[in-house]
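Colleague: Okay, here's what each chain looks like letter by letter:
Protein chains: 2
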Amino acid sequence: MNNLINRQVRLRSRPSAIPQADNFEITEVPVPELVEGQVLVRNVFLSVEPAMRGWLSTVGNYSEPVPLGGVMRSFTAGRVLASRDPAVPVGAWVTGMFGWQDYALVVASDIQRQIVERDLPLSTALGVLGINGVTAHYGLLQIGRPREGETVVVSTAAGSVGSCVGQIAKLKGCRTIGITGGETKRRLCLDQFGFDAAVDYKAADFENRLAEVCAGGVDIYYDNTAGPISDAVMTHLNRGARVIICGTASIASWDPIPLGPRVERHLLVKRAQMQGFVIFDHPEHYEGAYRDLAQWIREGHLSYLEDIQVGIEHAPGAIAGLYRGDNLGKRLIRIAED
Amino acid sequence: MNNLINRQVRLRSRPSAIPQADNFEITEVPVPELVEGQVLVRNVFLSVEPAMRGWLSTVGNYSEPVPLGGVMRSFTAGRVLASRDPAVPVGAWVTGMFGWQDYALVVASDIQRQIVERDLPLSTALGVLGINGVTAHYGLLQIGRPREGETVVVSTAAGSVGSCVGQIAKLKGCRTIGITGGETKRRLCLDQFGFDAAVDYKAADFENRLAEVCAGGVDIYYDNTAGPISDAVMTHLNRGARVIICGTASIASWDPIPLGPRVERHLLVKRAQMQGFVIFDHPEHYEGAYRDLAQWIREGHLSYLEDIQVGIEHAPGAIAGLYRGDNLGKRLIRIAED
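Line by line, the protein sequences are chains B and R.
1 is the number of the first residue of the first sequence in my numbering; add one for each residue after it.
1001 is the number of the first residue of the second sequence in my numbering; add one for each residue after it.
A couple of the hints might just be wrong.
What follows is a set of in silico ranges between Cβ atoms, one per label pair, in the way DEER data are often shown [stated by the list, open to error]:
hint: 1; chain 1: B; residue 1: 239; chain 2: R; residue 2: 1030; range: 36 to 44 Å
hint: 2; chain 1: R; residue 1: 1324; chain 2: B; residue 2: 255; range: 35 to 43 Å
hint: 3; chain 1: B; residue 1: 12; chain 2: R; residue 2: 1147; range: 43 to 51 Å
hint: 4; chain 1: B; residue 1: 323; chain 2: R; residue 2: 1228; range: 26 to 34 Å
hint: 5; chain 1: R; residue 1: 1036; chain 2: B; residue 2: 239; range: 33 to 41 Å
hint: 6; chain 1: B; residue 1: 20; chain 2: R; residue 2: 1326; range: 51 to 59 Å
hint: 7; chain 1: B; residue 1: 203; chain 2: R; residue 2: 1308; range: 53 to 61 Å
FYI, nobody ran anything at the bench for these hints, they're computed from the structure.
All of these numbers come straight from a predicted model, not from anything done at the bench.
Built from N, CA and C at the ideal position, the CB exists for glycine as well.
One chain only, chain B, in its complex shape (with noise of 0.2 Å):
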């Protein structure tokens, strides 16, 4: 169309295990004329999740890995530039799965929302106002349950779904501990994000702060990591505990399926629980969160961290690098004005 050039960041091999830069390759296509029924979407940022990690692999996940050769998979927020569907205004701001490219000849239904909170950030429509914030308000008000006064420990607590977490359990009168890594998250994590007590795991006294930190015992854990981490919170349990099973960022590879101390009777004898979920399970979740989650943005009480990389040559190497920690905050990549 109009001679535009699609950018594309395709899937060149399979990684083994942690995506790398070199596994990805950015290719060049002119963008096809509309046909009736279509709409043309300008990606102005992409995201960069840990969840792409399983979507690139063929073990067992909850959606089809991306072949090989094609566009990587990814939310993205952009405007439409042009429209052949009478339902979908030129110049409407959206999301959905639009992958890493410039531009996605896209129908109505691929669209996963229009952006409504123009008086916030865009970016925000892929973080804390987009499935981030989903996620961490599903998992924690859903199958958290959380009660005035109970203790919650969140894993990667300064991350775009940790720090949502953590601050929403906050505003619901729980007391809550952040795990996470290095001083500079875990100053984060108290000072930006509120947490009442913050957890370096990589401290060589982690299990000791954690147990200091967790003396009246842990009533929620959300978990992003699964792991050393993980086993040390699952030893502090209150009874009638509920364990969220969010991610699983600190596991490599699951195949072979990695060992770790056998969780049976902590969920016995303290008659816990621990449940997985996956948020595209629960679209019908989505409306009621962006309500809340724009309130509590607005109002000043859900506070948000952003890494944003400028240009489509920083997305191959982005996952590798949110798995090595070098991020602070939502890893964006903006790849067009907005």
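Assemble chain R onto chain B, guided by the hints.
Modeller: Structure of chain R alone, referenced to chain B:
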């Protein structure tokens, strides 16, 4: 009282793993006179439970450990021999935590239940119509929430809880798969307890056989064992599966916590739940469960098997025998005629 001699099985030394006969001793004391408000129960059946291992352990559990020198804690069924409480008539048949002994001096609030189903054998009050049946009923129906057509897998399927779980699941229209040890118990699962399939976990091809009968996936796993049996079942969970943690019979010691394949990825990808419970938390559920269970027994839908040893001298070695799998069905010690 009237020169009655009370034989009692007392804890002589604390077991480090599975309780053995020489951890106990049998002593004799006279039965004291009743004072106002007391009730004297003549125990007829003593119960033997896998959970007794935990009741004897000082490692974190859901009840205080039996003290050294104390009478072994146990459910019993017996008859009120004398009463100085007008609310408890002489001759009533009762159950309670009256211990491994001939006689128990108790108060009305110690009585767990007055047995009303005297058309059924007294022994059932400690098994299928007692805590085992109620445990199966609560765990399967309240936590498992079985739906018609779902597949339910049970470990220790020929045991007193497991056999009851399988039959209740069948009554609810589920396909039932039992896991048990040895060909005799496997046949029992199929022939007496009506499982649709039964697999011997001691057989060399256990994992392959399990995979065959679980080809359609597992919706509910009622887990009485933990360990390698559970590890094998976890790989077959269906989306939305519920794993009910009722016991950990296959684990000889939890100190230190043994290693096993991590469960987080199964729970996440399958949106599955693991939930531990202890039946003593749910007394409000008992009466409804007794009603259902008695009706199903009378209608011939709920078969049960008992392993009754006669004489209190069998009690000390009875727990070790359970863990060796010596028994077929609910193990009881009869110490008097009813």
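Colleague: Each hint: holds or not?
Modeller: For each hint, the structure was consulted:
no.: 1; hint: B:239 - R:1030: 36 to 44 Å; result: holds, 41 Å
no.: 2; hint: R:1324 - B:255: 35 to 43 Å; result: holds, 36 Å
no.: 3; hint: B:12 - R:1147: 43 to 51 Å; result: holds, 45 Å
no.: 4; hint: B:323 - R:1228: 26 to 34 Å; result: holds, 31 Å
no.: 5; hint: R:1036 - B:239: 33 to 41 Å; result: holds, 37 Å
no.: 6; hint: B:20 - R:1326: 51 to 59 Å; result: holds, 56 Å
no.: 7; hint: B:203 - R:1308: 53 to 61 Å; result: holds, 58 Å
Checked against the numbered hints above, the structure violates none of them.
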